[in-house]
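So the sequences go chain by chain: F and G. Residue 726 is where the first sequence starts when you use our numbering, and the numbers rise one by one after that. Residue 155 is where the second sequence starts when you use our numbering, and the numbers rise one by one after that.
One or more of the hints may lead you astray.
List of simulated lysine to aspartate or glutamate pairs, DMTMM-like, C-alpha gap at most 20 Å [said to hold, decoys possible]:
#	chain 1	residue 1	chain 2	residue 2
1	G	Lys181	F	Asp783
2	F	Lys858	G	Asp204
3	G	Lys181	F	Glu784
4	F	Lys891	G	Glu177
5	F	Lys861	G	Asp204
6	F	Lys954	G	Asp204
7	F	Lys954	G	Glu208
8	F	Lys891	G	Glu208
9	F	Lys858	G	Glu208
10	F	Lys860	G	Asp204
11	F	Lys860	G	Glu177
Among the chain G residues that face chain F by a calculated CB cut under 8 Å, a handful are [said to hold, decoys possible]:
#	residue
12	Gly222
13	Met223
14	Phe228
15	Asn254
Honestly, the hints are just simulated from the structure, not real lab data. In this text, a Cβ means the ideal position worked out from N, Cα and C, and glycines have one as well.
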Amino acid sequence: MKKILNVNYDDLRATALKNRLKILNMVHDGASGHLGGALSACDIITYLGECIIDYDSDERDRFILSKGHAVTALYAELHELGIVKDEELHTFRKLNSRLSGHTNREKLPETDVTTGLLGQGLSYGVGMAFAKKLKKSRDTVYVMIGDGETHEGQIWEALMEAGHFKLDNLVLIIDRNGLCSHQPVENVISIEPLADRLESFGWFVKDINGHSMEEIDSAITSLQSQYGKPKCIIAHTVKGKGISFMENDGQWHRNIPTDEQYEIAKAELEAQIGGTNV
Amino acid sequence: MFSQYEYSIPKEAIGNTLIELAETNNKICVFSSDVSKSVNVYEFSQAHPDRFFEMGIAEQSTVSAAGGMAIEGFIPVYVALSIFSNGMTFPQTRQVCNNNLNVKIIGTHAGVDDGADGPGHHSTEDMAISRVIPRMTVLCPSDENEVAAAIRAMIDMEGPCYMRVAREVQPIIHDKDIKFEIGKAEILYDEGDDFAIIFEGSALEQALEGWEASKNTGKKGKLINIRSIKPLDEECVRKVADMVDTIITVENHSIKGGLYSVICETLAGEKHKAVVKPVGFHDQFMESGPSAGIKEKYGLNAKAIVDYIN
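Only chain G is shown next, with the shape it has when bound in the complex (with noise of 0.2 Å):
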């Protein structure tokens, strides 16, 4: 943990995001699938009942349906853990996309941080099957603050759009103000040209540890949280490419599929100087436990990261 941070659950963010968007916006509709206090939306369904749908444990109708509403005009935003509202949900969200609806599904407990449930419960290939969908957009923000953020961006565009969420605690590194771009990723720390880390926002903790550790390494660098991973910053990816000689993706995910993986396909065929280097999990199931834990035993951890910079 890190002294000079408050620390926050980033999933909370996402109630009263909603309900304060909804009170000005009067086609926002949330949908749950049984776990609404889970994920933090509990407090919508009172502040607005008439607008909530609880559909009980019945992920792939509730998307299906979340469709419906949206051919009528409304804004319905399906909120569970991400194995529940994008693990389960493949062929309905695809239609979705195929239909080309204003449809939001935020996934909370992104990559392992619902650790204790077991490797069943894991969403480590989430950005992976939701980015592949065409039409799709893809975000993924960091703290409470950016998720915030995210979700008014996420309301303000229009089509089909999935988010992931921490459930594990993260520093609060931005303000409430802060501004969220769909597709521009954020450069925090740019202190020199040997590395660059890029991180997606449910592995920041372990992105800034990696970042502090690399002080000692003697090589200087550049942090990176890149917010969106469809559409992805290709400019300042391709720019980052050609100045450092190394990047180290660092995802709370599997290492096929996400952000390693298009950041790769993204350089994959052109001439840069930089050897693209994956820290996240390893195509593997993994066990129950602490997130934080799991995240230490498998890899996604500051050593990981600081091994590939020596």
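Isolated chain F (complex conformation) (with noise of 0.2 Å):
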């Protein structure tokens, strides 16, 4: 993991709103993506990316989208890291570009696992803890998934295996945002009490906030101490955050914004970009 002394909440909080600013034109450019499930990711994706793992190093922790249609703020925060350059931000989901509509590690060796068919992440995760541990690495492999995604049974498969192994290496963030792809996780099938299942599998959970910089850095953080359990933070977020006509309406799982609604979109965050240090 990255050594960082002291980490800043406001730069990070700062940082955030610029890599949704990113989203909102990678997803408009592009006529096609996500937004709201990534717009619920993004703080947590930014925090890692900023302060855990080092893309410098050949032998790192990773981090690996399973739900790969959030795809954009990953590309945002790699922007942010300079892994991504300023120019093909304009061509994402577009031919001959490096920012496919998921994850593709191919393309982009820093997104770690080609990934978008839903369920697959966390067992890619349990393989790449198996392997940390075989090479007595102490990197630690984060793996994020969505709420409704907990549905694929393969997750369950995954969940089980990671609890019998003990694999402490391994951390499971849920972005918990509530909403399928239209409507809320609980009417479409229940998966509450979703801590007590994930305890009762052998899992370390902690709940937060997932917008709090302050709260996903004391989970990621006192998370490295815990030993003997694998990890999972159910972040509490919320779909669309950040841009008001968008938070909490299933709808956003994929419109893409006419012009209107993206300038409207688009004056909103530069409002709370206006309003932070950067």
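Take the two lone chains, each set in its own frame, and fit them into one complex as the hints suggest.
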């Protein structure tokens, strides 16, 4: 992991806001993509990119974005880190671009695993956690899934395996934004009591506000000294976070803003960015 | 049964070959989904316990976890009955190939070799659904010694690979030091240009029986072990198609999507002398029974081969 002496929460919040604007621009420019789940995941992904994952190292912590449709949040942060270039931001989902519609490790190795078929990413995390232990590495494997993604049976296979093997180098982050592709997760197929279920599978579980940099930082750093169990952060988030008319509205799972909606959304984000100390 | 050959179960070569390779290659890991004894990798779990992962009855997660290990530089080998390692894992295997990972999948009990468990356990589509995935290599070795050689070749190559292996006893027609080159067919006999029998490994015995029976037809032909479905030895197939009147494909698999299909796809649209005729299973689910009996009843037999030669 990165060696960060003093985490500055205001800076992190400002970076996350800039990333939200990039997410909006990518989806608007590409006229395709998924805004809601990228905006809900944005703060955590920003934090991981800024404070945890050291993309300069060959042997490093991993971040698997199993909910690959939120990939604009990762591209935005990789742009912040200089890995995605300015001119590439306009190429999302277009031909000849490195920024494909879901993560693609061949085009952009920093995205770690080619994902997009929901349910598979946590199992990749289990395999990587095995590998890190075999190498006697102290690296951590982070996996983010959506809350609706827990409907996939393979997730529960991997949850069982991680618990059985006591993979304490594996951290699962559930983006608990409460919405599936257009309606509440609880209305589709109930997943509660989620924390109890995970604990019963042998996981250490922590609930946080997934938009609070302080809580994200505290959860991830405190989990580093927990041993003997895999760890899960249930991050309570808001789908569409940061753009008022998108928040908690299922249609923004994959709606593309009209030019008019785009201008309103952009103005909102710029106003928030203006209010920070960037 | 042929009196001139010894017989053995090809899948029994898997464990010892992997144990031996893992002694000098510390990247090799084996994944199991609760069938390690049935597929002969239990011995590996004893020889190299730190590199053996028993994942439980969870085939989908096993394939994806193998993918994670491959990204970290290991060579994971997932071994299970082919209806499990292949039949239950299409989306996961496809995504492993999309990630371009060095994951090796072995499917035992190819075709109807798990006969008594019935059609749910028959694996008569595995060559079809694996070969259509971009980047996937598909191997079909025949006897025990060839399976061992094919496993060595599979570990030496880079990239995803699926190998089907017979559970039914097979005559041992190869020496222990046999060389196996991926994408190269093996011409076992070449005695004339009337016909060619081309078979995939788990149909070895039926192909040999057909070859023996062909001696009473007055026709002379060739017997070819295809060894590798993808890449296919297209040069060999085209050459043979220009020489013989009839190519008979013999496979312990559906004739849709397997060996018959790849030969037809290779020759279609080109002018060749041969017509291609399929021996295998005809788009149907079979029934419980001994594997040899199912093959006999449902048309994978010497008679079907000879009928095309006459």
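Consistency of the hints with the structure:
Restraint check: the Cα-Cα separation between lysine 181 (chain G) and aspartate 783 (chain F) comes to about 18 Å, which is no more than 20 Å; the hinted pair holds. A threshold of 20 Å between alpha carbons decides the hint, and for lysine 858 (chain F) with aspartate 204 (chain G) the separation of about 10 Å falls inside it, so the pair holds. Between the alpha carbons of lysine 181 (chain G) and glutamate 784 (chain F) the distance comes to roughly 16 Å, so the proposed pair stays at or under 20 Å and holds. The straight-line distance between the Cα atoms of lysine 891 (chain F) and glutamate 177 (chain G) is roughly 27 Å, outside the 20 Å bound, and the hint therefore fails.
Simply put, lysine 861 (chain F) and aspartate 204 (chain G) have alpha-carbon atoms about 12 Å apart, close enough for the 20 Å limit, and the pair holds. Under the criterion of a C-alpha separation no larger than 20 Å, the hint pairing lysine 954 (chain F) with aspartate 204 (chain G) is consistent with the structure, at around 19 Å. About 18 Å separates the Cα atoms of lysine 954 (chain F) and glutamate 208 (chain G), which keeps this hinted pair within 20 Å; it holds. Proximity of lysine 891 (chain F) to glutamate 208 (chain G) is assessed by CA-CA distance (about 14 Å); at most 20 Å being required, the pair is judged to hold.
With a C-alpha separation of about 16 Å, the suggested pairing of lysine 858 (chain F) with glutamate 208 (chain G) holds against the 20 Å cut-off. Among the hinted pairs, lysine 860 (chain F) with aspartate 204 (chain G) is consistent with the structure: their alpha-carbon atoms are about 11 Å apart, no more than 20 Å. Between lysine 860 (chain F) and glutamate 177 (chain G), the direct Cα distance comes to roughly 17 Å. Compliance with the 20 Å bound is thereby established for this hinted pair. A hinted interface residue such as glycine 222 (chain G) counts as satisfied when its beta carbon comes closer than 8 Å to some beta carbon of chain F; here the least separation is about 3 Å, so the hint holds.
Nearest Cβ of chain F to the Cβ of methionine 223 (chain G): about 4 Å, under the 8 Å cut. The hint holds. A hinted interface residue such as phenylalanine 228 (chain G) counts as satisfied when its beta carbon comes closer than 8 Å to some beta carbon of chain F; here the least separation is about 6 Å, so the hint holds. At about 6 Å, the closest approach between the beta carbon of asparagine 254 (chain G) and any beta carbon in chain F falls short of 8 Å, and the interface hint on this residue holds.
Hint 4 alone, counting from the list given before, is not met by this structure.
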